[in-house]
Amino acid sequence: MLVACCSLLIIMKNFFLIFQKEFRSYFNSPIAFVVITIFLILSGYFFHGIFLNFSTISFQVATNAILARQNNQLNVTEMVVRPFFDIISMVMLIMLPMLTMRMFSEEKKSGTIELLLTYPVKDSEVILGKFAGCMGIFTIMVLLTVPCFILIGLFGEPELGVVLSGYVGLFCMGAAFISLGIFASSITENQIIAAVLSFASLLIFLMMGYSASFASESLGNVLKYLSFMPHMYNSFAKGVLDTEDIIYYVLFTLFCIFLNMRSLESKKWRG
Amino acid sequence: MIEVENLTKKYGNARGINDVTFTVEKGEILGFLGPNGAGKTTTMRIITCFMPATSGKARVAGFDVFEDSLEVRKRIGYLPESVPLYTDMQVPVYLEFVGGLKGVDRRDIKRRVGQIIDDCGLNAVTKKYIGELSKGYRQRVGLAQALINDPEVLILDEPTIGLDPKQIIEIRSLIKGLGGRRTVILSTHILPEVSMTCQRVIIINEGRLVAVDTPQNLTAQLQKSQQIIVRIGGPEKEVLSEVGKINNVSRVAIKENGTDGVNTYLVEFKKDSDGGKDIPPVIVRKNWALYEMRPIGMSLEDIFIKLVTEEKIH
Chain B
1 MLVACCSLLI IMKNFFLIFQ KEFRSYFNSP IAFVVITIFL ILSGYFFHGI
51 FLNFSTISFQ VATNAILARQ NNQLNVTEMV VRPFFDIISM VMLIMLPMLT
101 MRMFSEEKKS GTIELLLTYP VKDSEVILGK FAGCMGIFTI MVLLTVPCFI
151 LIGLFGEPEL GVVLSGYVGL FCMGAAFISL GIFASSITEN QIIAAVLSFA
201 SLLIFLMMGY SASFASESLG NVLKYLSFMP HMYNSFAKGV LDTEDIIYYV
251 LFTLFCIFLN MRSLESKKWR G
Chain G
1 MIEVENLTKK YGNARGINDV TFTVEKGEIL GFLGPNGAGK TTTMRIITCF
51 MPATSGKARV AGFDVFEDSL EVRKRIGYLP ESVPLYTDMQ VPVYLEFVGG
101 LKGVDRRDIK RRVGQIIDDC GLNAVTKKYI GELSKGYRQR VGLAQALIND
151 PEVLILDEPT IGLDPKQIIE IRSLIKGLGG RRTVILSTHI LPEVSMTCQR
201 VIIINEGRLV AVDTPQNLTA QLQKSQQIIV RIGGPEKEVL SEVGKINNVS
251 RVAIKENGTD GVNTYLVEFK KDSDGGKDIP PVIVRKNWAL YEMRPIGMSL
301 EDIFIKLVTE EKIH
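Here the protein sequences come in this chain order: B and G. Reminder that position 94 of the first sequence reads as 94 in the numbering used here, one-by-one numbering, no gaps. Reminder that position 42 of the second sequence reads as 42 in the numbering used here, one-by-one numbering, no gaps.
It is possible that some hints are incorrect.
[Claimed, not checked] Some chain G residues flagged as far from chain B (calculated, every beta-carbon gap over 12 Å):
id : residue
1  : T21
2  : P35
3  : S69
4  : L70
5  : E71
6  : R73
7  : T87
8  : Q90
9  : G131
10 : K166
11 : L178
12 : I229
13 : L290
14 : I296
15 : K306
[Stated by the list, open to error] Cross-link-like lysine-lysine pairs, in silico, DSS-like; alpha carbons within 30 Å at most:
id : chain 1 : residue 1 : chain 2 : residue 2
16 : G       : K74       : B       : K109
17 : B       : K122      : G       : K10
18 : B       : K108      : G       : K74
[What the hints assert, rightly or not] Taking CB as the label site, the calculated pair distances span:
id : chain 1 : residue 1 : chain 2 : residue 2 : range
19 : B       : L164      : G       : A14       : 41 to 51 Å
20 : G       : T21       : B       : F16       : 40 to 50 Å
21 : B       : L254      : G       : G62       : 57 to 67 Å
22 : G       : E67       : B       : I246      : 37 to 47 Å
Keep in mind that the hints were calculated from the coordinates and are not lab data. C-beta atoms are modelled at their ideal positions from N, C-alpha and C, and glycine is treated no differently.
Can you build the whole structure from these sequences, using the hints too?
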């Protein structure tokens, strides 16, 4: 038992050291600042649009009795919070590959991977440490959107449950995006290729659900299940915390991390 | 300390190294010599567990590099040829990071980093980011990260490449100071470096082991004849014929024509003969003047070129 605890602590130590190094290195270069700022500008811009649109409609409804009868479901959660989560996830899709693309490709290009992998560290510790470092930046990025919801709260009454479940959804999605991005960067030493690969595959996973309508029923169901779409917009963004969706993201993330470990290992075999 | 048996590494169809076998004793400094692309780096990468061998075994401190990779890696300090460092980190931060990963105790790490910074002469750059450092300082940081956990085995891939002469001397004396306590493998293609720092030399060419021995033994083995240079003041023809009559002399030739009849001659003796002592009596008898007399040993360069080219003929 004691041995198990000690070995766990040692594992945690390496993981923590790599996490700390990766997290810091984002701030040693302008990457973190640029990515976070652009993320906030983009999501803020869209938030402004959505919110303004909602207030215009509210104003029209308030002054027009006929419209008021048609729009009896003027709901701030439905019309602002949900679309805003959709937008944030879209912006994430653009920004997260920018964070993950350098993870392994840069180490390969500069050769630092040779030193890293000859230290007494397990591959899994390296990958998880990098994953956690990236998640750290992502967390800061996403939490900086909280003021938008406070703003909604000042002028309307959004459902707190939907906001919270929306954030849980964003985190799950972010973890999936990041694990995929890090895997993409582990198979090439070129950062651009890593970024393009993760963009493309994230887009495919996002849009896969659409092609379901052209496929046979069973294949369509598979495609629909594999897509990000139904696991975010029909659940978390609606305030539904379904274990099915959580499991989907956890499995997606674990699978990417698994692939990542294989790719590091194969690199060793191929020299 | 390090045992390598029949190590072979293939890259596709191309061979990296072929059937390499050698051992390194504890506390020994071993020079790894070979032309570019001979397989030095490949061998080192296998010993440091960066890549596995296609076949054969390598053990460090009794641990197999493939089976007990983590145990081996705990005991090794490695400096790759390109000195890859994280350019966006400050020197002490980087060393603390590496020290932590290599198992230096957390309470001890500050002291250890301070000590290694002193040892490697990095005091002037503790505030700088690694990316701002000159090549010489980077090399020292590379050496510092290899030494941070006081490893039993040090593997240095061309540690003095790209340094200025003063730095080369410093690094060499640092490495020399490491021997005895630690086992060091040092690769290089600078030959004097080997004779200066190493107790034993391995010469590798086209992935094959060509020779393993001390620099002195290699010289002795490969020298097919003993050559002596003599500068004598005396009539040229007479000198040539008289010296040629000495026992065991196989050849006499003028190496350089001097002024006033003082010429430099090259006298070649048969192998294993101590003919040098017979030259002065002849000169004294003939009443010539002796200005200089010295044997020519084979330099490591000669050995190296000889071995490497002989290998090519086969």
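Chain B versus G:Q90 - minimum CB to CB distance exceeding 12 Å, so not interface: Given a closest Cβ separation of 9 Å, the condition is violated.
Least C-beta distance between G:K166 and chain B, which was stated to exceed 12 Å: holds (26 Å)
Consistency of the no-contact label for G:P35, given chain B and a CB cut of 12 Å: holds (20 Å)
Non-interface claim for G:L290, where every Cβ of chain B lies beyond 12 Å: Correct as stated: the minimum Cβ-Cβ distance to chain B is 58 Å, above 12 Å.
Holds or violated: B:K108 to G:K74, with C-alpha atoms at most 30 Å apart: It holds: about 22 Å lies between the C-alpha atoms, which stays within 30 Å.
Consistency of beta-carbon spacing, B:F16 to G:T21, with hint 40 to 50 Å: holds (41 Å)
Nearest-CB test (12 Å) between chain B and G:K306: Non-interface label on G:K306 holds, nearest chain B Cβ at 31 Å vs cutoff 12 Å.
No chain B beta carbon within 12 Å of G:T21's: holds (21 Å)
Given pair status - G:K10, B:K122, alpha carbons within 30 Å: Holds, because 25 Å separates the two Cα atoms, which is no more than 30 Å.
CB-CB spacing for B:I246 and G:E67 relative to the 37 to 47 Å hint: holds (39 Å)
G:G131 remote from chain B - nearest C-beta pair above 12 Å: violated (10 Å)
Outside-interface status for G:I229 - nearest CB in chain B farther than 12 Å: Non-interface label stands for G:I229: nearest chain B Cβ at 48 Å, farther than 12 Å.
Hint compliance for this structure: hints 3, 4, 5, 6, 7, 8, 9, 19 and 21 are broken, all remaining hints hold.
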